[in-house]
Amino acid sequence: MPENVTNNKKEEVNIIIISDAAGDTAFNNATAAAAEFPDAQINYRRYPFITDKKKLDEVFKEIENYPNLVILYSLVKDDMQLPVIKFAREHNIQSVDIFSPVVEAIQQTTGMRPVEKIGAQHKLNQKYFDRISAMEFAVMYDDGKDPKGFLEADVVLLGVSRTSKTPLSLFLANKNLKVANLPLVPQTHIPKEIYEINPKKIIGLTNDPSVLNEIRRQRMISYGLNPDTTYSNMDSINEELESAQKLYKKLGCYVINVSHRSIEETAALIMHHLGIED
Numbered sequence: 227m228p229e230n231v232t233n234n235k236k237e238e239v240n241i242i243i244i245s246d247a248a249g250d251t252a253f254n255n256a257t258a259a260a261a262e263f264p265d266a267q268i269n270y271r272r273y274p275f276i277t278d279k280k281k282l283d284e285v286f287k288e289i290e291n292y293p294n295l296v297i298l299y300s301l302v303k304d305d306m307q308l309p310v311i312k313f314a315r316e317h318n319i320q321s322v323d324i325f326s327p328v329v330e331a332i333q334q335t336t337g338m339r340p341v342e343k344i345g346a347q348h349k350l351n352q353k354y355f356d357r358i359s360a361m362e363f364a365v366m367y368d369d370g371k372d373p374k375g376f377l378e379a380d381v382v383l384l385g386v387s388r389t390s391k392t393p394l395s396l397f398l399a400n401k402n403l404k405v406a407n408l409p410l411v412p413q414t415h416i417p418k419e420i421y422e423i424n425p426k427k428i429i430g431l432t433n434d435p436s437v438l439n440e441i442r443r444q445r446m447i448s449y450g451l452n453p454d455t456t457y458s459n460m461d462s463i464n465e466e467l468e469s470a471q472k473l474y475k476k477l478g479c480y481v482i483n484v485s486h487r488s489i490e491e492t493a494a495l496i497m498h499h500l501g502i503e504d
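In my numbering, each number is its position in the sequence shown, counted from 1, plus 226.
Among these hints, one or two may not hold up.
Stated by the list, open to error - Pairs of lysine-lysine residues, derived as DSS-like cross-links and limited to a Cα-Cα distance of at most 25 Å, are as follows:
no. : residue 1 : residue 2
1   : 426       : 475
2   : 427       : 353
3   : 418       : 472
4   : 353       : 418
5   : 371       : 281
As the list claims (entries may be wrong) - Computed Cβ-Cβ distance ranges for the label pairs, DEER-style:
no. : residue 1 : residue 2 : range
6   : 490       : 450       : 29 to 35 Å
7   : 328       : 455       : 17 to 23 Å
8   : 476       : 435       : 19 to 25 Å
9   : 311       : 331       : 17 to 23 Å
To be clear, the hints were calculated from the coordinates, so they are not data collected in a lab. Computed from a prediction, not measured in an experiment: that's the story for all the values here. Backbone N, C-alpha and C define an ideal beta-carbon position, used for all residues, glycine too.
Given these sequences and hints, build the entire structure.
What follows is the structure in structure tokens.
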């Protein structure tokens, strides 16, 4: 057996999840595997409902400049899998096929041919369609892209950079919740819609300054940039957190410190606060 290797340096990994359905299976596999690497900074980027090559090309254009990629894909059709394999090889990226090995094993055992039906494992009941709708909502209203989303959302996440807003939005969307999020930067305008919604629906995310400093420094290093910038400066971080805390107090919203908490733990706190059972 290989010996255990301890690495004190936090490493960032961007896990790209590409699926022709909701991508739950690939995401669950990714989070289970990532739990084995508690010292790594894992970012999940989900691309659900990629059902044609045009959408796949758009994904490739978006992710090709991200550092430290691992691609997990769950695609039924061969002509969708091959471009992913080709892209991964050309960019020297690790890729994992979540779907095909199991299908092939069943095919070899039974002698039957797969039907190649996208989403065949899902019962097409109302809850499934609600989850698809919630996923699309989370993508549409990520990072405050459209303020009207705040009025339609079941949950609104506020937080400074690197407080897990996007992965948390997608995780809650898998629980059939419509989630919008807004990044907070000092001296920037807060959309009026934030003040018009029920404060109970608003979740203020915060973090410990030292944890945020380390995450941001490692992020800059992963991009090959100087880690000592305004973005990672402790004074700037404290200013951001204080500004966010003042806003949370003004809104009277529920506040969660995400440092040393998993996405699952934070989501559980939010759902408990909202009185929603998992």
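Taking the hints in turn, this is what the structure says about them:
1. Distance hint between residue 426 and residue 475 is fulfilled; the C-alpha atoms sit about 13 Å from each other, no more than 25 Å.
2. With a C-alpha separation of about 21 Å, the suggested pairing of residue 427 with residue 353 holds against the 25 Å cut-off.
3. As the CA atoms of residue 418 and residue 472 are separated by approximately 16 Å, the hinted pair is consistent with the 25 Å bound.
4. As the CA atoms of residue 353 and residue 418 are separated by approximately 32 Å, the hinted pair breaks the 25 Å bound.
5. For the proposed pair residue 371 and residue 281, the alpha carbon gap of about 20 Å is at most 25 Å, so the pair holds.
6. For the pair residue 490 and residue 450, the supplied restraint of 29 to 35 Å holds, since their beta-carbon distance comes to about 32 Å.
7. At roughly 45 Å, the beta carbons of residue 328 and residue 455 sit outside the given window of 17 to 23 Å.
8. For the pair residue 476 and residue 435, the supplied restraint of 19 to 25 Å holds, since their beta-carbon distance comes to about 21 Å.
9. Range check, residue 311 to residue 331: about 19 Å between beta-carbon atoms, so the 17 to 23 Å window is met.
Of the numbered hints listed earlier, those contradicted by the structure are 4 and 7.
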